[in-house]
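Participant: Heads up: the sequence lines are chains X and V, in that order. So in the numbering used here, spot 264 of the first sequence is number 716, and the numbers just go up one at a time. So in the numbering used here, spot 29 of the second sequence is number 106, and the numbers just go up one at a time.
In short, the hints are calculated from the structure, not lab data. Bear in mind that the values here come from a model prediction, so they are computed numbers and not experimental data. Where is the CB? At the ideal position from N, CA and C, for every residue including glycine. Among the hints, erroneous ones may be present.
[Claimed, not checked] Mimicking DSSO-like on lysine-lysine, the simulated pairs with C-alpha atoms at most 27 Å apart in a straight line are:
1. V/K196 - X/K645
2. X/K537 - V/K157
3. X/K643 - V/K193
4. X/K537 - V/K137
5. X/K540 - V/K137
6. X/K555 - V/K137
7. X/K617 - X/K589
8. V/K157 - V/K174
9. X/K540 - V/K193
10. X/K540 - X/K555
11. V/K137 - V/K164
12. V/K196 - X/K643
13. V/K157 - V/K196
14. X/K699 - X/K458
15. V/K196 - X/K474
16. X/K643 - V/K81
17. X/K643 - V/K174
18. X/K537 - X/K554
19. X/K537 - V/K193
20. X/K540 - V/K157
21. X/K540 - X/K554
22. X/K645 - V/K81
23. V/K193 - X/K645
24. X/K474 - V/K157
25. X/K643 - X/K474
26. V/K174 - V/K193
27. X/K474 - V/K193
28. X/K589 - X/K522
29. V/K81 - X/K474
30. X/K554 - X/K589
31. X/K659 - X/K699
[Claimed, not checked] To give an idea of the interface, some chain X residues facing chain V are shown, with a C-beta separation under 10 Å as derived from the structure:
32. Y464
33. T470
34. G473
35. I495
36. Q498
37. S499
38. G502
39. W503
40. E505
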Amino acid sequence: MTSAIKRGVSLYSYQNETFQGKMTLEDCIRVSAELGARGIEVIGEQSFWGWPEIGVAQADIDNWHALIAKYDCVPVSHDYMLDYKRYKGRPMPFDEQVASVKKDIDFGAMLGMPYIRSLVSIAPEVLVAAAPFAEDKGIKLLTEVHAPLHFDHPWIIRMAEMFQKSGSPALGFLPDMGMFLQHFPPVWAEKFKRLGVPPHIADYIIKAYDDRVLSEYVILEVQNMGGTGPAIAMAETLRHNAAFEPKRMLDYMPMIHNVHGKFYEMTADYVEPSIPYDEIVTVLNQGGYTGYICSEYEGNRWIEDAEEPDSVEQVRRQQVMLARLLGESEVPTLKAA
Amino acid sequence: MMDKLMIVEDSLENVEGGFAFLGRLPYYRGLGLSMVEDIQVAIDGEVIPRENVRFSVRGKTYTLDAMETVYDDRWNFGEKALITALKPGGLAPGPHKLEMAVRNRVSYLPFVPTTKCVKDVTLAA
Numbered sequence: 453m454t455s456a457i458k459r460g461v462s463l464y465s466y467q468n469e470t471f472q473g474k475m476t477l478e479d480c481i482r483v484s485a486e487l488g489a490r491g492i493e494v495i496g497e498q499s500f501w502g503w504p505e506i507g508v509a510q511a512d513i514d515n516w517h518a519l520i521a522k523y524d525c526v527p528v529s530h531d532y533m534l535d536y537k538r539y540k541g542r543p544m545p546f547d548e549q550v551a552s553v554k555k556d557i558d559f560g561a562m563l564g565m566p567y568i569r570s571l572v573s574i575a576p577e578v579l580v581a582a583a584p585f586a587e588d589k590g591i592k593l594l595t596e597v598h599a600p601l602h603f604d605h606p607w608i609i610r611m612a613e614m615f616q617k618s619g620s621p622a623l624g625f626l627p628d629m630g631m632f633l634q635h636f637p638p639v640w641a642e643k644f645k646r647l648g649v650p651p652h653i654a655d656y657i658i659k660a661y662d663d664r665v666l667s668e669y670v671i672l673e674v675q676n677m678g679g680t681g682p683a684i685a686m687a688e689t690l691r692h693n694a695a696f697e698p699k700r701m702l703d704y705m706p707m708i709h710n711v712h713g714k715f716y717e718m719t720a721d722y723v724e725p726s727i728p729y730d731e732i733v734t735v736l737n738q739g740g741y742t743g744y745i746c747s748e749y750e751g752n753r754w755i756e757d758a759e760e761p762d763s764v765e766q767v768r769r770q771q772v773m774l775a776r777l778l779g780e781s782e783v784p785t786l787k788a789a
Numbered sequence: 078m079m080d081k082l083m084i085v086e087d088s089l090e091n092v093e094g095g096f097a098f099l100g101r102l103p104y105y106r107g108l109g110l111s112m113v114e115d116i117q118v119a120i121d122g123e124v125i126p127r128e129n130v131r132f133s134v135r136g137k138t139y140t141l142d143a144m145e146t147v148y149d150d151r152w153n154f155g156e157k158a159l160i161t162a163l164k165p166g167g168l169a170p171g172p173h174k175l176e177m178a179v180r181n182r183v184s185y186l187p188f189v190p191t192t193k194c195v196k197d198v199t200l201a202a
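Bound-form chain X, shown alone (with noise of 0.2 Å):
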């Protein structure tokens, strides 16, 4: 039986590509649309030139609506940033912050967004307060769900309380799959050693992830061994990730709107070895989650480093895994160029 689940693609994905000019706004449209991922992600900020402090070109806008009328597509999420930290040496004063949510809502809105994405460490109370604006808009605020914040942390709890108190049905949650790291990414691996990271203790810290070590542990061992630098940092990366469940989706599932497919590395073969995209699935499934899998790729600053990273055929391989999972029958193909 074929999901519910719609396919989708953060354009995030292709950044490499875009930050040298290698591809257009519509480059990255048009083979989301061939590869089936017609739901459209974008940072405001990076696809759109002058967005927040200057402010984008009407022309832009209205580039933006032509593109995604021409390849079917349909937009999805502005992830916007909010900078608080803005003025050297003191936060962005809370009425400033609410008045910037308010003015990323207007932008989610002129590019036909249903959601706007907000970062997990902007406060819920700058939240709720420009949750009414965001209703009269049409438009939801999703906090995304990032590693190393996970369902069970007290932050996103309290998060979730102050969301469910206001009563606003304009504000939720947009988990990152990044947070259900079932094993340490090989990407991840490849790079530490390439730093200089010796096999075996690179080896140790694979299998102390594999055997659910806590970090502090970890990190101990690693000093032990006489890791240094890239070793400690290898191990640290162990704080700041973890194995967490999918299935701690499933109490908030009324409050998920989006849904972030990061992935690191995607093989010839279609498997991401260490986020479980079938798990994954079943539960979104289970919870009667109707929304986009927007494909995340962040495998590029892993590999940058050792190769060019081909971030389109990283995408496909990954939208020819989740077109598996959701049970579609075509298989997620790019036309010849």
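Based on the hints, put chain V in the right spot on chain X.
Facilitator: Structure of chain V alone, referenced to chain X:
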């Protein structure tokens, strides 16, 4: 991230009062100028004093100190900024080791990251 891509290939040139090259922000988004804490430039191991570095985008030029209170301009994603180092006489033609290190104040990070790029470059005669 984007470490290797910060210094734009073949962009080094001598200019009035020093040398200049094109630099990109090592980040997956752009950043308001007030959050660019420092751009350190070094040539052949010699660090250019902070007050002798200039940053230019879209026809506007800033000192690094001035940038700290600029709230209405940005270094966009992938945007090639002109980084000028004031150094009387500029550089001799030939090979040089150029270094660029950018320190950003990123709201959501519990630390202030510095990203560095080192490139062997050649100044055309």
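Participant: Would you mind marking each hint as holding or not holding in the structure?
Facilitator: Cross-check of the supplied hints:
1. V/K196 - X/K645: Roughly 22 Å separates the two Cα atoms, so the pair holds.
2. X/K537 - V/K157: Judged against 27 Å, a Cα distance of about 24 Å means the pair holds.
3. X/K643 - V/K193: Judged against 27 Å, a Cα distance of about 17 Å means the pair holds.
4. X/K537 - V/K137: Distance ~23 Å between X/K537 and V/K137 Cα, so the pair holds.
5. X/K540 - V/K137: holds, 22 Å
6. X/K555 - V/K137: Distance of about 25 Å is within 27 Å: holds.
7. X/K617 - X/K589: Distance ~21 Å between X/K617 and X/K589 Cα, so the pair holds.
8. V/K157 - V/K174: Holds, because 20 Å separates the two Cα atoms, which is no more than 27 Å.
9. X/K540 - V/K193: Roughly 22 Å between the alpha carbons, so the hint for X/K540 and V/K193 holds.
10. X/K540 - X/K555: Roughly 22 Å between the alpha carbons, so the hint for X/K540 and X/K555 holds.
11. V/K137 - V/K164: holds, 20 Å
12. V/K196 - X/K643: holds, 20 Å
13. V/K157 - V/K196: holds, 16 Å
14. X/K699 - X/K458: Distance ~19 Å between X/K699 and X/K458 Cα, so the pair holds.
15. V/K196 - X/K474: Distance of about 21 Å is within 27 Å: holds.
16. X/K643 - V/K81: Satisfied, since the Cα-Cα distance of roughly 15 Å is no more than 27 Å.
17. X/K643 - V/K174: Holds, because 25 Å separates the two Cα atoms, which is no more than 27 Å.
18. X/K537 - X/K554: holds, 17 Å
19. X/K537 - V/K193: With Cα atoms ~22 Å apart, X/K537 and V/K193 stay inside 27 Å; holds.
20. X/K540 - V/K157: OK: X/K540 and V/K157 at ~24 Å, within 27 Å.
21. X/K540 - X/K554: With Cα atoms ~23 Å apart, X/K540 and X/K554 stay inside 27 Å; holds.
22. X/K645 - V/K81: Holds, at roughly 18 Å.
23. V/K193 - X/K645: holds, 20 Å
24. X/K474 - V/K157: With a Cα-Cα distance of about 14 Å, the restraint between X/K474 and V/K157 holds, given a limit of 27 Å.
25. X/K643 - X/K474: holds, 24 Å
26. V/K174 - V/K193: holds, 13 Å
27. X/K474 - V/K193: holds, 23 Å
28. X/K589 - X/K522: holds, 25 Å
29. V/K81 - X/K474: holds, 16 Å
30. X/K554 - X/K589: holds, 10 Å
31. X/K659 - X/K699: holds, 24 Å
32. Y464: holds, 6 Å
33. T470: Nearest chain V Cβ about 7 Å off; hint holds.
34. G473: holds, 7 Å
35. I495: holds, 6 Å
36. Q498: holds, 5 Å
37. S499: With a minimum Cβ separation of about 8 Å from chain V (threshold 10 Å), the hint on X/S499 holds.
38. G502: holds, 7 Å
39. W503: Hint on X/W503: holds, closest Cβ of chain V at ~8 Å, below 10 Å.
40. E505: holds, 5 Å
Hint violations for this structure: none, all hints satisfied.
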